[in-house]
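Participant: Those protein sequences? They're chains A and U, same order as listed.
When the count follows our numbering, it moves up by one through the first sequence with no breaks and lands on 118 for the last residue.
When the count follows our numbering, it moves up by one through the second sequence with no breaks and lands on 115 for the last residue.
Since the hints were made in silico from the structure, they are not lab data.
This one's a predicted model, so the numbers in the text were calculated from it and none came from an experiment.
Heads up, a few of these hints could be off.
[Unchecked claim] Partial pick of chain U residues on the chain A-facing surface, computed with a CB cut under 8 Å: (1) ARG41; (2) GLY42; (3) ARG50; (4) GLN101; (5) LYS102; (6) GLY106.
Using N, Cα and C, we set each Cβ at its ideal position, and we do this for glycine too.
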Amino acid sequence: DTGVSQDPRHKITKRGQNVTFRCDPISEHNRLYWYRQTLGQGPEFLTYFQNEAQLEKSRLLSDRFSAERPKGSFSTLEIQRTEQGDSAMYLCASSLSPPLDRVGEKLFFGSGTQLSVL
Amino acid sequence: SQQGEEDPQALSIQEGENATMNCSYKTSINNLQWYRQNSGRGLVHLILIRSNEREKHSGRLRVTLDTSKKSSSLLITASRAADTASYFCATDYRRIIQGAQKLVFGQGTRLTINP
Numbered sequence: 001d002t003g004v005s006q007d008p009r010h011k012i013t014k015r016g017q018n019v020t021f022r023c024d025p026i027s028e029h030n031r032l033y034w035y036r037q038t039l040g041q042g043p044e045f046l047t048y049f050q051n052e053a054q055l056e057k058s059r060l061l062s063d064r065f066s067a068e069r070p071k072g073s074f075s076t077l078e079i080q081r082t083e084q085g086d087s088a089m090y091l092c093a094s095s096l097s098p099p100l101d102r103v104g105e106k107l108f109f110g111s112g113t114q115l116s117v118l
Numbered sequence: 001s002q003q004g005e006e007d008p009q010a011l012s013i014q015e016g017e018n019a020t021m022n023c024s025y026k027t028s029i030n031n032l033q034w035y036r037q038n039s040g041r042g043l044v045h046l047i048l049i050r051s052n053e054r055e056k057h058s059g060r061l062r063v064t065l066d067t068s069k070k071s072s073s074l075l076i077t078a079s080r081a082a083d084t085a086s087y088f089c090a091t092d093y094r095r096i097i098q099g100a101q102k103l104v105f106g107q108g109t110r111l112t113i114n115p
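Work out the full structure, taking the sequences as your base and the hints as a guide.
Facilitator: This is the structure in structure tokens:
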């Protein structure tokens, strides 16, 4: 399977615990994104990596959230001291940056990690 | 909020009929994309249309973009049961072209195709 893979698919945790999610993008893609989606809503941008550099973070990403992409390949998203409001689907997407004279690129999404905080 | 809005929020039609979904947005965009999401799964890219384009086709899909009205539509012709999913429009509002696109997604249209 050469698509974007995310692990785990589901995570149930108690409030106050730390959780970590992993994303393996399509191998030749240099861009990696994290989005969060709650029930009945569209995905919301969290953060973005170009290779190993984290270039942008949303205001949605509080200090309890941290993301890494250490070698420009897989990425991890950690949530510390989870709260019930963190319950959501966490989606990872990857893409290949387009040529300089082109605008926009399509994102390839993983199946997501569904987090439930009790 | 710069979020796009899809209309209708839910649509139920018979197999074989055409389905039309609309998306409106608030500010100038670089491109607009449509994605499909099956229940509990990730999103699948359908079509990207740039701000200087007015219409694009892909198989049974037809997307139009009217920048003067700040709106787009997605038409699925000859619908099939497998088209049952949520459909999202996503817009790229960036002023600076270089760098990642920060797609802003709408709330989606839940499409049900009845056999």
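Participant: With reference to the structure, classify each hint as holding or not holding.
Facilitator: Hints, one by one, checked against the model:
no.	hint	in the structure
1	ARG41	holds (5 Å)
2	GLY42	holds (4 Å)
3	ARG50	holds (6 Å)
4	GLN101	holds (6 Å)
5	LYS102	holds (5 Å)
6	GLY106	holds (5 Å)
In summary, this structure violates none of the numbered hints.
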